[in-house]
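Residue numbers (the working numbering), protein chains in the order written: chain W, 1 to 424; chain X, 1001 to 1271.
It should be emphasised that the hints constitute simulated quantities derived from the structure, not laboratory data.
No experiment lies behind these values; they were computed from the predicted model shown.
Ideal placement from N, C-alpha and C gives every residue a C-beta, glycine not left out.
Any given hint could be a false lead.
[Claimed, not checked] Far from chain X by the CB rule (all over 12 angstroms, computed), these chain W residues:
#1 72
#2 86
#3 216
#4 326
#5 339
#6 369
#7 377
[What the hints assert, rightly or not] Partial selection, computed: residues in chain X whose CB lies under 7 angstroms from chain W:
#8 1157
#9 1173
#10 1238
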Amino acid sequence: MNFKLIGVNHNSAPLEVREQLAVSEARLPDAVRKLVQQPGVDEGMVLSTCNRVEVLTSTRPGADLRGFFSSYFGVSTDALRSHLYEFEEREAVRHVFRVASSLDSMVVGEPQILGQVKEAYAVARGLGAIHSALDALLSRAFSVAKRVRSETAIGGSSVSISSVAVQLAEKIFGSLQGKTIYLVGAGKMAELAARHLISHGATTILVCNRTHERAVQLAEAFGGQAIPFERLYETAERADIVLTSTGAAEPLFRREHGEAILARRKNKPMFFIDIAVPRNVHPDVNRLDGMFVYDIDDLQSAATTNTAERKREAQRAEQIVESEVDRFAARMKSLHVVPTIVSLQEYCETIRQAEIDRIRGRLGHITPEQEAAIDAMTRGIVNKLLHTPITTLKSTADEPEAATIHEIIRRIFNLKREKLKNED
Amino acid sequence: MPLFWLRVALTLYGVGLLCAVAALWDSRRRLTSVMRFTAGAGIVFHFVSLTETAMLSETAPLSSLHQVESLLAFLLMAFFFVIYWRYQTVSPGIAVFPLSFLLTLSAQSAFMAESGTAPQVSSSWIYMHVGLIMLGYSALIVSFFASILYLIQEKNLKAKTVGGFSSRLPALATIDEIGYRCLVFGFPFMTFGLIAGSVVAEARYGAAYFRDPKILFSIAMWVLYTVLLYARWSAGWRGRRAAYMAAFAFGAALIAWAANGLSSMHRFITP
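In isolation and in its complexed conformation, chain W is listed as follows:
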């Protein structure tokens, strides 16, 4: 067997190229069918997501995957040349493991890709395009992905500022369910962050803006309530999360405001997300018990810490993948020798049976015990004779002289070649 993988991803090809190659869910079965009809392709599957289009096959020599790619998608080989990557054997195994473990993703560690690979596998399997070789590879890939996920913290951290804000809010409040967000300033970025918080469960939205019309507009969009600017401070005590983004030159919330708000809300914790520059919330507010103030730089650096941590975890994940590739390759190689061992055993068994049959006639009447003894003895001789050749075959499976040893054993025992066709 020979694994071959060809494809494009977000690193190798720009969006315009990936768009041209993307295979929609509806067209996927057709693509898989066309793929396995190619000469030389034994098994195959097609993975198409917004970041990658890949074709994974188990092939015999002569398979032309590049040709398939350009003919199926109707794009000239020249146009694709610089974007396509191609992996074989060990490299292909590693790539599949990395993709399934989300190490090759645009956002490393994002969890969707494993599901997408599983889906592509299920489609190909349903069409009968996957047999033993790809099956072994994919099921190994799934358990590698699981191992990476459980042994590293790669899926644990998020990156963008909005998700950092959500992450922090969850660290403070546990869940955002039922929490109140207070938007002070109604800019685009505040709107985006608010949307993110709402999607994580925040329910009540209050909007306060110097231009009241804009506040009303935004409040309507979120199904919230617009607050006149004069009531900025008295409303604040209702909020669990305050998102400030006004263009005010001086901080709107200072220590004394914070103290007053805390007293009115019975010391319940409060989270200020200050994305305004210059800042809307004075850093002193962060010193008050139960008040947490993060400005844009804090959020940015939290996001970077996450990325650094993620990188470290990704390195550990790469090591796991590497060791798994070794294990898989070793298993694949030892699978190669199995047919030779089987035909060797069959060959000797035939001789043994023939010899027993020959001598049975000459022995006349024998008891079942005697018959069993003869059977055991001959079997013992055969097993002892075969022991060394079989262990040698197994132990040298991944050494360079494996092919020579195979050839010698075949010649010595005069094994038929057709029994070994799986081998090349």
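Assemble the complex: chain W is given as a structure, and chain X must be docked to it using the hints.
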């Protein structure tokens, strides 16, 4: 046999404790699941040991210091599991495990020494007294630990250091809830435990008992406990102030516990 089961429990707690400490540096999930498993097995054996002690003992159970230690350790572990079941967090383990381990260690080291009769312990009021007070103690201890975790997590959030150890602590609100719920839960036990103790004392020693240092410290502890509960409930005290209050109440509880040595009337059996 109860001693044997107790030692099995102790060993399992020890393994759980090692896992809990190792989990501070290593975020792998396998460690915490090993920790949960060994601690869970430990608590089962511990329960067996407690039951056997109660059934086999010639003297009344819960009359020696070591049996009470064993019971307290068991209740603390039980709290750990209730919190894990309710909040899916193993973080209190880092505080609960060492304490349970030490209590169990001390309990098993002198377990066999007890013998003889307990002249002063007879009525079922005493069992109620000890049982209820120990439930109250363990709730107070867990609440105190929770307020320390709260301080750590609050400090991390304020210092804006995300990641590392703090990322494995539960959310601030969750820790706060654990601490508060434990206090609320423990309060009736503490109160009725003290009342049960007073009933026994009243019957046996009359009013003289209430001049005993042990009982004075216990009442001081109960007052602190009540104030803490009230401050948290009405003024929403959390974080530093709540932690200080919990530390005071915890300290008073420790003194009340240690005051056995000063008291002429309230004593465990000593060999």
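Hint check:
no.: 1; hint: 72; result: 43 angstroms, holds
no.: 2; hint: 86; result: 36 angstroms, holds
no.: 3; hint: 216; result: 32 angstroms, holds
no.: 4; hint: 326; result: 21 angstroms, holds
no.: 5; hint: 339; result: 39 angstroms, holds
no.: 6; hint: 369; result: 52 angstroms, holds
no.: 7; hint: 377; result: 51 angstroms, holds
no.: 8; hint: 1157; result: 5 angstroms, holds
no.: 9; hint: 1173; result: 4 angstroms, holds
no.: 10; hint: 1238; result: 6 angstroms, holds
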